[in-house]
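With the hints as constraints, model all of the structure from the sequences given.
Sequence order for the protein chains is F, S and U.
Just so you know, the first sequence maps onto residues 7 to 266 in our numbering.
Just so you know, the second sequence maps onto residues 14 to 310 in our numbering.
Just so you know, the third sequence maps onto residues 148 to 476 in our numbering.
Careful: at least some of the hints might be erroneous.
[What the hints assert, rightly or not] DSSO-like mimics (lysine-lysine), calculated; alpha carbons at most 30 Å apart, straight line:
| # | chain 1 | residue 1 | chain 2 | residue 2 |
| --- | --- | --- | --- | --- |
| 1 | U | Lys411 | S | Lys308 |
| 2 | F | Lys231 | U | Lys411 |
| 3 | F | Lys225 | U | Lys411 |
| 4 | U | Lys419 | F | Lys242 |
| 5 | F | Lys254 | U | Lys411 |
| 6 | F | Lys161 | S | Lys305 |
| 7 | U | Lys419 | F | Lys46 |
[To be verified] Label-pair restraints from in silico Cβ distances:
| # | chain 1 | residue 1 | chain 2 | residue 2 | range |
| --- | --- | --- | --- | --- | --- |
| 8 | S | Ile230 | F | Arg233 | 49 to 57 Å |
| 9 | S | Pro26 | U | Ile233 | 55 to 63 Å |
| 10 | S | Ser213 | F | Met205 | 28 to 36 Å |
| 11 | U | Lys300 | F | Met205 | 53 to 61 Å |
[To be verified] If you want the ones that stay clear, here's a sample from chain F, every Cβ over 10 Å from chain S, calculated:
| # | residue |
| --- | --- |
| 12 | Lys46 |
| 13 | Thr104 |
| 14 | Thr105 |
| 15 | His154 |
| 16 | Gln202 |
| 17 | Arg233 |
| 18 | Glu236 |
| 19 | Gly238 |
Rather than coming from a laboratory, the hints here were simulated on the basis of the structure.
This structure is a prediction, so every number in the text was calculated from the model and none was measured.
Just so you know, even glycine gets a beta-carbon here, dropped at the ideal spot from N, CA and C.
Now for the letters of each chain:
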Amino acid sequence: MTSLLQVSNLSKSYKLDGFWFNRKSITALEPLSFDIQAYKTLAIVGETASGKSTLAKLLVGAEKPTTGSIKLNGQTLQHGNFKQRCQHIRMIFQDSGTTLNPSLTIQQLLDEPLRLNTDLNETERNKLIRETLQKVGLLGEHMSFYPHMFSGGQKQRISLARAIILKPQVIILDEALAALDPSLRSQMINLLLDLQQQMGLAYILISHNLGIVRHFSDKMMVLCKGRVLEVGDTQKLLKQPQHKYTKKLIMNQHFQINNN
Amino acid sequence: MARDNIYQEEEFPSPLMQLWFHFRQSPVVKIGFGCFLFLCFLAIFSSLISPYSPVENHLDSLLLPPAWDDEGNVSYLLGTDNLGRDMLSRLIHGTTLTFGLSFIVVLISLVIGVVIGSLSALTKGVKSSFLNHFLDVILSIPSLLLAIVIVAILGPGLSNTLWAIVMVLIPQFIHITRNAVEEEFNKDYVLASRLDGANSLRILHYSIFPNIIEKLISQATLAQSAAILDIATLGFLGLGAPIPMPEWGAMLANGIDLFYIAPWTVYLPGLAILFSVVATNLVGEGMRHALKARKES
Amino acid sequence: MNLLDIRNLSIKLLTASTPILAVDRVSLTMKEGEVRGLVGESGSGKSLLAQAIVGVLDDKWQVDADRFHWRGIDLMRLSVDERKKIISKDVAMIFQEPMACLDPTTTIGEQLEEAVDIAQLTGFFWQKKQQRKLAAANLLHKVGIKNHEICTKSYPHQLTEALCQRVMIAMALAKRPLLLIADEPTAAMESTNQNQIFRLLASLNQLKNMSILLISHDLENITHWTNTITVMYSGQFVEAGTTQHIFNRPYHPYTRALVDSSPKANMQIPLKSRLMTLPGSIPILQHLPIGCRLGPRCPKAQKACVEAPKVKNYHGHQVSCHYSLKGSY
Numbered sequence: 007m008t009s010l011l012q013v014s015n016l017s018k019s020y021k022l023d024g025f026w027f028n029r030k031s032i033t034a035l036e037p038l039s040f041d042i043q044a045y046k047t048l049a050i051v052g053e054t055a056s057g058k059s060t061l062a063k064l065l066v067g068a069e070k071p072t073t074g075s076i077k078l079n080g081q082t083l084q085h086g087n088f089k090q091r092c093q094h095i096r097m098i099f100q101d102s103g104t105t106l107n108p109s110l111t112i113q114q115l116l117d118e119p120l121r122l123n124t125d126l127n128e129t130e131r132n133k134l135i136r137e138t139l140q141k142v143g144l145l146g147e148h149m150s151f152y153p154h155m156f157s158g159g160q161k162q163r164i165s166l167a168r169a170i171i172l173k174p175q176v177i178i179l180d181e182a183l184a185a186l187d188p189s190l191r192s193q194m195i196n197l198l199l200d201l202q203q204q205m206g207l208a209y210i211l212i213s214h215n216l217g218i219v220r221h222f223s224d225k226m227m228v229l230c231k232g233r234v235l236e237v238g239d240t241q242k243l244l245k246q247p248q249h250k251y252t253k254k255l256i257m258n259q260h261f262q263i264n265n266n
Numbered sequence: 014m015a016r017d018n019i020y021q022e023e024e025f026p027s028p029l030m031q032l033w034f035h036f037r038q039s040p041v042v043k044i045g046f047g048c049f050l051f052l053c054f055l056a057i058f059s060s061l062i063s064p065y066s067p068v069e070n071h072l073d074s075l076l077l078p079p080a081w082d083d084e085g086n087v088s089y090l091l092g093t094d095n096l097g098r099d100m101l102s103r104l105i106h107g108t109t110l111t112f113g114l115s116f117i118v119v120l121i122s123l124v125i126g127v128v129i130g131s132l133s134a135l136t137k138g139v140k141s142s143f144l145n146h147f148l149d150v151i152l153s154i155p156s157l158l159l160a161i162v163i164v165a166i167l168g169p170g171l172s173n174t175l176w177a178i179v180m181v182l183i184p185q186f187i188h189i190t191r192n193a194v195e196e197e198f199n200k201d202y203v204l205a206s207r208l209d210g211a212n213s214l215r216i217l218h219y220s221i222f223p224n225i226i227e228k229l230i231s232q233a234t235l236a237q238s239a240a241i242l243d244i245a246t247l248g249f250l251g252l253g254a255p256i257p258m259p260e261w262g263a264m265l266a267n268g269i270d271l272f273y274i275a276p277w278t279v280y281l282p283g284l285a286i287l288f289s290v291v292a293t294n295l296v297g298e299g300m301r302h303a304l305k306a307r308k309e310s
Numbered sequence: 148m149n150l151l152d153i154r155n156l157s158i159k160l161l162t163a164s165t166p167i168l169a170v171d172r173v174s175l176t177m178k179e180g181e182v183r184g185l186v187g188e189s190g191s192g193k194s195l196l197a198q199a200i201v202g203v204l205d206d207k208w209q210v211d212a213d214r215f216h217w218r219g220i221d222l223m224r225l226s227v228d229e230r231k232k233i234i235s236k237d238v239a240m241i242f243q244e245p246m247a248c249l250d251p252t253t254t255i256g257e258q259l260e261e262a263v264d265i266a267q268l269t270g271f272f273w274q275k276k277q278q279r280k281l282a283a284a285n286l287l288h289k290v291g292i293k294n295h296e297i298c299t300k301s302y303p304h305q306l307t308e309a310l311c312q313r314v315m316i317a318m319a320l321a322k323r324p325l326l327l328i329a330d331e332p333t334a335a336m337e338s339t340n341q342n343q344i345f346r347l348l349a350s351l352n353q354l355k356n357m358s359i360l361l362i363s364h365d366l367e368n369i370t371h372w373t374n375t376i377t378v379m380y381s382g383q384f385v386e387a388g389t390t391q392h393i394f395n396r397p398y399h400p401y402t403r404a405l406v407d408s409s410p411k412a413n414m415q416i417p418l419k420s421r422l423m424t425l426p427g428s429i430p431i432l433q434h435l436p437i438g439c440r441l442g443p444r445c446p447k448a449q450k451a452c453v454e455a456p457k458v459k460n461y462h463g464h465q466v467s468c469h470y471s472l473k474g475s476y
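Below is the structure:
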């Protein structure tokens, strides 16, 4: 299958202002490359400050890469050209509390990406919003509600609706499942799996919970301090980790699983 | 699937309605708000309500005490001053001048401050710092002194008073707007908006302003009570409204010489100033409490 | 003798309209030296229960219980002040997000010295300052921070979350409590740090015979560290028993669903297939179902579930369900 998203030599370094000529630069992410196909999920695993959020921001276009390029369906994506990018790559954030604007109704919230990126008229937009809400398991009537009236799990569903409403091809889940309760997490995972089958999406799952990663992803990439330590098929990597950092990660989490 | 969590109520309380609900909870704040609205009403409809013209002299009834006194006359409800002008009409017209002017002053400085503050928040580096701080020199001089200096340069008169006080009030709005906008920029929904392709103006309009408007308004009420006092003081010093106009501070200055024979010419304008400042402060306090209560609920 | 014996504790929220039963007749017992886990998702009332035990709920919450004994003393008969005196001597609590629980304007050293128990300081008043410093350093050593000098001089924001949590535990240990309540102590941390904190708590439990009530929303996370587990749902008691029993043979459908959503159970099912979940979501306080609150979501719910089930005891494994899964084992 041809790759949906190809990333080559992507890296990011920040310049810190030192004294006059003493400008230090911090490498948040060292050059890495990978590619993703449709219907597949890539999991990016690592502890904090490993560069996972930087990678997410680079992919979605919030930051400009220092080197490297991102190609979608063969076309290079330019930084700053949000309109080109947002129809294909969307992101769901971790903290559902600050991810929805508290003074807009759900309808206005979901209307905005449509108004900025499509030519549909108002009735068509409302119809699309209603359909999308139903797809994520909410009711059409929820359109006129405000975000504070929803629970955490429902807010994540609304974020998901906002992500899929433009029918993208890649969705980045930046620790989106970490803050949910276990039963809601399972519901959300089922929903994501269904949508992947229906819409042919590719997911990039950023998480540090190996249980979800094991169940949900096809390929896995381990990051530590901005460097890729290991990449490969999830099952193989978890059964036979090569790098000792990966072994430590697995031991820390499976430690609790196996020893009962 | 989500059947269990629908609100059963018919209305959908927007954040604004929630704020109003919390605002209504304290009776003192409700009274203050009522007084504030009453003052606004007086300020707008003063010429229709007041029984006499504020500058008309009734030479046969000079220095009449208020109607509840033995020598008072019920047709001059609050008495007259030394030129025979009816106190009640003067006070009502004074509402337009002191209170109404303070409202306009705050509005103008709010708009200018918000514009400069937003520009400062949208840019980075030296330009942003410059915009944020270039009017800070105004903060270093006591507001009244600055207003006196400006009026002394431009000459007395109502419009010059207005500009002087506007200048004095702008810097605080710049700072508040810039801090609030920068805080909002860190939130995820602004990033989501930007990723959708919205340009800065659209983000400001839809995502940021609705969420900071309440902070701005509570700051505006603080500024308004300061503005009322500043206008009254300038009037008292004779630098504000010209002589026949019934501005409360000017009325106070006028009545000082007559304090022992006609105390009502002093305490009535003084009470009016007190009343409007307290009403404004109650509204401001109520709004700040409501904002805090809404955040906690 | 049981350290803590609570029977049918209910916490009512007094609102303008009818009072809402946030916690509905929950029973909890703790022995000396036991590590008990209290598991429940958000809205289950577990934090409320912990706060009711320690006695920090404000006036809008009303706490009733059939039995609330601490080391044999009946706390319901005492006045609020006496209750607080007894509890604060022997019970300590640590919270989520330790950095937010420490005073950001004073150094760790000063905060620790404040927490040191005055009664344990002997000597004249000019010696007390030195003793306080020594006691604070001792506390830090107890939680595994060897170089206490750097730690005592820093401010909370200069430390990591895991270190801050250790400092919180040190402050909790200052009074030598018999029971430590840990309210989701590792919610904001990664797995390596979580392990460190849990290991510290386990060592304190073994060395000092201190009981620990470990509150968490993740069942599978704490199964390694606890002896017994109590499960709560939406303010009601669901199941309680030894960790082995709860994890391997859960009797209640809700516990079964929790176990199913954990990664260990999912090792066997094929990749990228749908997980077993309960439909629906947790009821909010304003719209609590009558009777068994799991009713609307439970796959085994029938007409009898409109009435709240009684607690049945099977050799120490307690279940509150009309249609428990005991028969299927």
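Results for each hint:
no.	hint	result
1	Lys411(U) with Lys308(S)	39 Å, violated
2	Lys231(F) with Lys411(U)	29 Å, holds
3	Lys225(F) with Lys411(U)	20 Å, holds
4	Lys419(U) with Lys242(F)	16 Å, holds
5	Lys254(F) with Lys411(U)	18 Å, holds
6	Lys161(F) with Lys305(S)	23 Å, holds
7	Lys419(U) with Lys46(F)	10 Å, holds
8	Ile230(S) with Arg233(F): 49 to 57 Å	50 Å, holds
9	Pro26(S) with Ile233(U): 55 to 63 Å	44 Å, violated
10	Ser213(S) with Met205(F): 28 to 36 Å	32 Å, holds
11	Lys300(U) with Met205(F): 53 to 61 Å	56 Å, holds
12	Lys46	23 Å, holds
13	Thr104	5 Å, violated
14	Thr105	4 Å, violated
15	His154	7 Å, violated
16	Gln202	18 Å, holds
17	Arg233	26 Å, holds
18	Glu236	30 Å, holds
19	Gly238	30 Å, holds
When each numbered hint is compared with the structure, violations occur for hints 1, 9, 13, 14, 15.
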